[in-house]
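Undergrad: Here the protein sequences line up with chains A and B, keeping their order. For the first sequence, this note's numbering gives the first residue as 1, with consecutive numbering after it. For the second sequence, this note's numbering gives the first residue as 1, with consecutive numbering after it.
To be clear, the hints were calculated from the coordinates, so they are not data collected in a lab. The C-beta atom is built at its ideal place from N, Cα and C for all residues, glycine as well. One or more hints might be untrue.
Unchecked claim - Think about it this way: if two alpha-carbon atoms lie no more than 20 Å apart in a straight line, the pair counts; the simulated EDC-like pairs of lysine to aspartate or glutamate are:
| # | chain 1 | residue 1 | chain 2 | residue 2 |
| --- | --- | --- | --- | --- |
| 1 | A | K105 | B | E24 |
| 2 | B | K105 | A | E24 |
| 3 | A | K151 | B | D129 |
| 4 | B | K151 | A | E24 |
| 5 | B | K151 | A | D129 |
What the hints assert, rightly or not - What follows is a set of in silico ranges between Cβ atoms, one per label pair, in the way DEER data are often shown:
| # | chain 1 | residue 1 | chain 2 | residue 2 | range |
| --- | --- | --- | --- | --- | --- |
| 6 | A | F154 | B | S218 | 36 to 42 Å |
| 7 | A | S138 | B | D193 | 38 to 44 Å |
| 8 | A | E24 | B | K77 | 35 to 41 Å |
| 9 | A | S220 | B | G216 | 35 to 41 Å |
| 10 | A | K27 | B | S138 | 23 to 29 Å |
| 11 | A | H31 | B | G216 | 57 to 63 Å |
Number of protein chains: 2
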Amino acid sequence: MNKQELIANIQKKRSFLCVGLDTEITKIPAHLHSCDDPIFEFNKQIIDATAPYTVAYKPNIAFYECYGIRGWQSLEKTVRYIVANYPDIFIIADAKRGDIGNTSKMYAQAFFENLPFHSVTVAPYMGEDSVTPFLSYSNKWVILLALTSNKGAFDFQCLESNNTPLYKQVITTSQKWGSSENMMYVVGATKADMLQDIRSVAPNHFLLVPGVGAQGGSLSDVAQYGMNTECGLLVNSSRAIIFADSTEKFAQVAARKAQEMQIEMSDLLARFSTLL
Amino acid sequence: MNKQELIANIQKKRSFLCVGLDTEITKIPAHLHSCDDPIFEFNKQIIDATAPYTVAYKPNIAFYECYGIRGWQSLEKTVRYIVANYPDIFIIADAKRGDIGNTSKMYAQAFFENLPFHSVTVAPYMGEDSVTPFLSYSNKWVILLALTSNKGAFDFQCLESNNTPLYKQVITTSQKWGSSENMMYVVGATKADMLQDIRSVAPNHFLLVPGVGAQGGSLSDVAQYGMNTECGLLVNSSRAIIFADSTEKFAQVAARKAQEMQIEMSDLLARFSTLL
């Protein structure tokens with residue numbers, strides 16, 4: 001999927017919502033446990049219910065990998081289900097991979113050839129040759145970790161050299177490797193006030209923003225400080241949508257939660273972008 | 001596996017060799033391609049041939065993940081084969097994972113509960129809560145990326161703040177999270193001259209050293225600058241051992257290559273450690 005297609009979908013749905021599929025078996029409603037593949041069944045119902053309000057899905061790979069082969073089967077079925085039924089929705093492998101060149105090439109193959117993801121989150125610690133193998137696919141994206149939403153973000157990401165914090169060096173240096181047409185950055189919603197500064201070095205890039213909802217970030221702050229004229233944001237919400245209810249009505253409740261965010265997003269798009 | 005057991009095995013085998021199982025299907029000898037699971041069959045023969053000279057195996061997860069479910073099956077069989085047949089050999093999941101706390105917990109479950117790995121390589125970029133979930137298992141290890149062996153290592157790992165390069169801050173800061181009993185560091189052999197400086201801040205930790213062989217690092221430099229009295233090193237070699245030959249004799253040749261390294265290592269242990 002290219003940038004224009006993503007923006008067109010944001011405009012059409014009046015939404016920049018990404019739903020995080022962090023599907024924990026222990027949090028799935030009881031009535032689904034008798035299914036053949038409870039994780040896929042849960043995802044399928046969540047996807048069908050939330051797709052009208054959503055421009056991206058983000059399976060968190062750890063939540064599948066922890067169940068071994070069974071988990072990878074659920075993941076594969078989930079991604080193929082989205083591609084088959086909602087081909088305009090952007091799919092992110094939240095994998096945080098990154099290794100030396102010949103190894104990153106294998107990870108790129110895992111997510112872009114063996115599975116039909118549009119993008120992968122990548123950790124920048126190992127530098128250029130750990131990132132570029134993911135950039136050699138057309139219409140596929142790297143989403144590079146810059147400033148994450150967790151407490152540990154402050155341990156290294158904010159260390160300053162030449163008066164510039166590491167996360168900002170990651171953003172400026174990586175712009176030599178890819179462009180705003182194939183690279184996005186992860187910037188946590190819990191650090192929304194730093195978005196303005198980030199926009200000064202990456203005005204045109206899409207930012208993937210986790211941490212709204214369960215982690216405490218504010219959607220309106222994110223839009224105020226981070227939105228550009230063509231939106232430039234994908235805001236992720238996981239638990240606050242997919243686990244909002246644990247009864248047989250979980251999908252309906254998830255749809256309502258996603259719609260609430262979409263309505264707020266529509267308003268923010270009208271205020272801060274030129275899309276509406 | 002605890003530190004004492006690992007050191008005892010190094011002493012017994014007079015070796016600190018880690019064999020990297022970066023098993024690429026295209027590099028496997030032709031006669032194995034008719035097997036049910038060529039990757040597992042290749043690994044099994046490599047393991048049986050090299051185990052006498054080896055204290056650790058390191059499957060590189062990307063090389064399995066890129067084949068999806070089939071790849072994970074080969075990985076699982078490989079790890080269980082090592083545990084069942086060579087229970088004194090240390091097994092490293094070279095996965096370079098790392099995510100926010102509740103996600104890293106799932107990765108730890110993937111490698112320490114669902115699979116019987118002894119250790120996982122972890123990327124430090126996301127800080128404390130991305131690392132500590134892996135440290136909550138007894139006799140399991142985190143191997144934290146510090147200074148990697150690739151060219152891209154210089155992009156961020158050597159950026160200095162307060163006159164200290166990032167990789168050194170990673171080493172000092174992370175010592176608040178774990179000890180030399182459950183944490184090691186990745187330090188590339190291609191930067192052997194920096195090992196002395198690293199030993200000044202981590203005298204007792206084991207270092208996992210990739211980059212000897214195909215990537216050009218020198219084993220004797222690594223031992224000279226990096227070995228401590230109880231060895232404190234695991235030196236990895238992948239391609240130079242496992243793909244040394246592509247005929248039906250591949251396993252024999254791999255054994256000979258591993259033995260050559262073991263003989264050199266025995267000599268280095270006698271010179272620089274107090275184990276022999």
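Undergrad: Any of the earlier hints contradicted here, and which numbers?
TA: 4, 8 and 9
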